[in-house]
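Order-wise, the sequence lines are chains R and W. Per the numbering used here, the first sequence runs over residues 1115 to 1386. Per the numbering used here, the second sequence runs over residues 86 to 198.
Computed list of lysine-lysine pairs in BS3-like fashion (alpha-carbon distance at most 27 Å, straight line): (1) K193(W) <-> K113(W); (2) K193(W) <-> K144(W); (3) K1216(R) <-> K1352(R); (4) K193(W) <-> K1174(R); (5) K1216(R) <-> K1243(R); (6) K144(W) <-> K1251(R); (7) K1268(R) <-> K1188(R); (8) K1243(R) <-> K1268(R); (9) K1188(R) <-> K1174(R); (10) K1345(R) <-> K1311(R); (11) K1359(R) <-> K1216(R); (12) K1174(R) <-> K144(W); (13) K163(W) <-> K1345(R); (14) K1188(R) <-> K1243(R); (15) K1174(R) <-> K113(W).
None of these hints come from the bench; they were simulated from the model.
One letter stands for each residue in the lines below.
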Amino acid sequence: MCSVCGCSEGETTIEHSHEHEHHHGKHSHTHDYGSGAAHAHAPGLSQARMVQIEQDILAKNNQYASGNRDYFSKHGILALNMVSSPGSGKTSLLTETIALLKDQLDISVIEGDQQTTHDADRIRATGVKALQINTGKGCHLDAHQIGHALENLKPATESIVFIENVGNLVCPASFDLGEAHKVAILSVTEGEDKPLKYPDMFYAADLMILNKIDLLPYVDFDVEQCIQYAKQVNPRIKILQLSAKSGAGIESWVQWLNASRAMQLVDYARTI
Amino acid sequence: MHEMSLCESVLDILEQQAREQNYCKVTKVWLEIGALSSVEADAMRFCFDAVMQGSLADKARLEIITVQGRAWCLQCNKNVLIEQRYDVCPACGGFQLQVNDGEQMRIKELEVE
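Please take these sequences and the hints and turn them into a complete structure.
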């Protein structure tokens, strides 16, 4: 039973660190709205009335996101929402990053996929904590799922939490998870015009990582053009080029992580 | 297809408001959707009918009010209309645009019984 909300969200399953499995049942809608005058039909009189609502559709997600953000800030945790299309190398980048940094700091990972625990298994093989969220038919992670994942994962104070979103350049753009930054990963085996084709995602991201640069000699990928497209969509975006496989350029990624972590810890120092 | 989850959020809000505003049936829903909001109006309509089925908003009509994208051009020092995130300023051709309207996804108004 959820302590936050007593929720139910379609086919979502979140791995638990303890024994019982927590299956969210099918969403059910109750229709008990008390007894009004609504069913007393008087001929010639319409009971229709207008209700002004002015509510943001994502208000609920944003509320959970702000709860997550408070949690991260209270614990000095840097949370990064890693977004990309499937196969851009998110998980490989994470396993390489973990191998480089795990002796210096605590890292944990929340993995989002429609099905399987393959990615969480790959992360756990590196020796850090990972938790898989299977979204079922869902195409993105939402802030509510992350809140529950944090209850189970219990990331260490002053650590980094990587949230590997479902491989999808569309839907995750709209859902704030409470992260410090969205990091969009684009590999050179994709088209250089991805930032234009999926502008919402590159607009929402603070950093774009151009991955698999070891393959540049073998593919038709115009790096300069890609950077120009990304800047066109989002003039503030920072861009790094690296290969998770060969390790080229990975030091600038580590520098970016350390700088972002330092910023998060400035906030943390203020609250303790 | 995040429009499906957006419609589920709409239904949540309708159900919650039903308790607060004391209605039991929703016959029409007005959504304000910004041109830059990453919502496809047709997908939204499709999902809306599916999600509302069997709920208090079963067969409710969906009206989508589209809001144009607007941005402040830092070079021109004025508001300009844009259709896409990657549009350049129609006046000066620059990229230094700060979007200030057209990103919303809001429930504006309901017709209820």
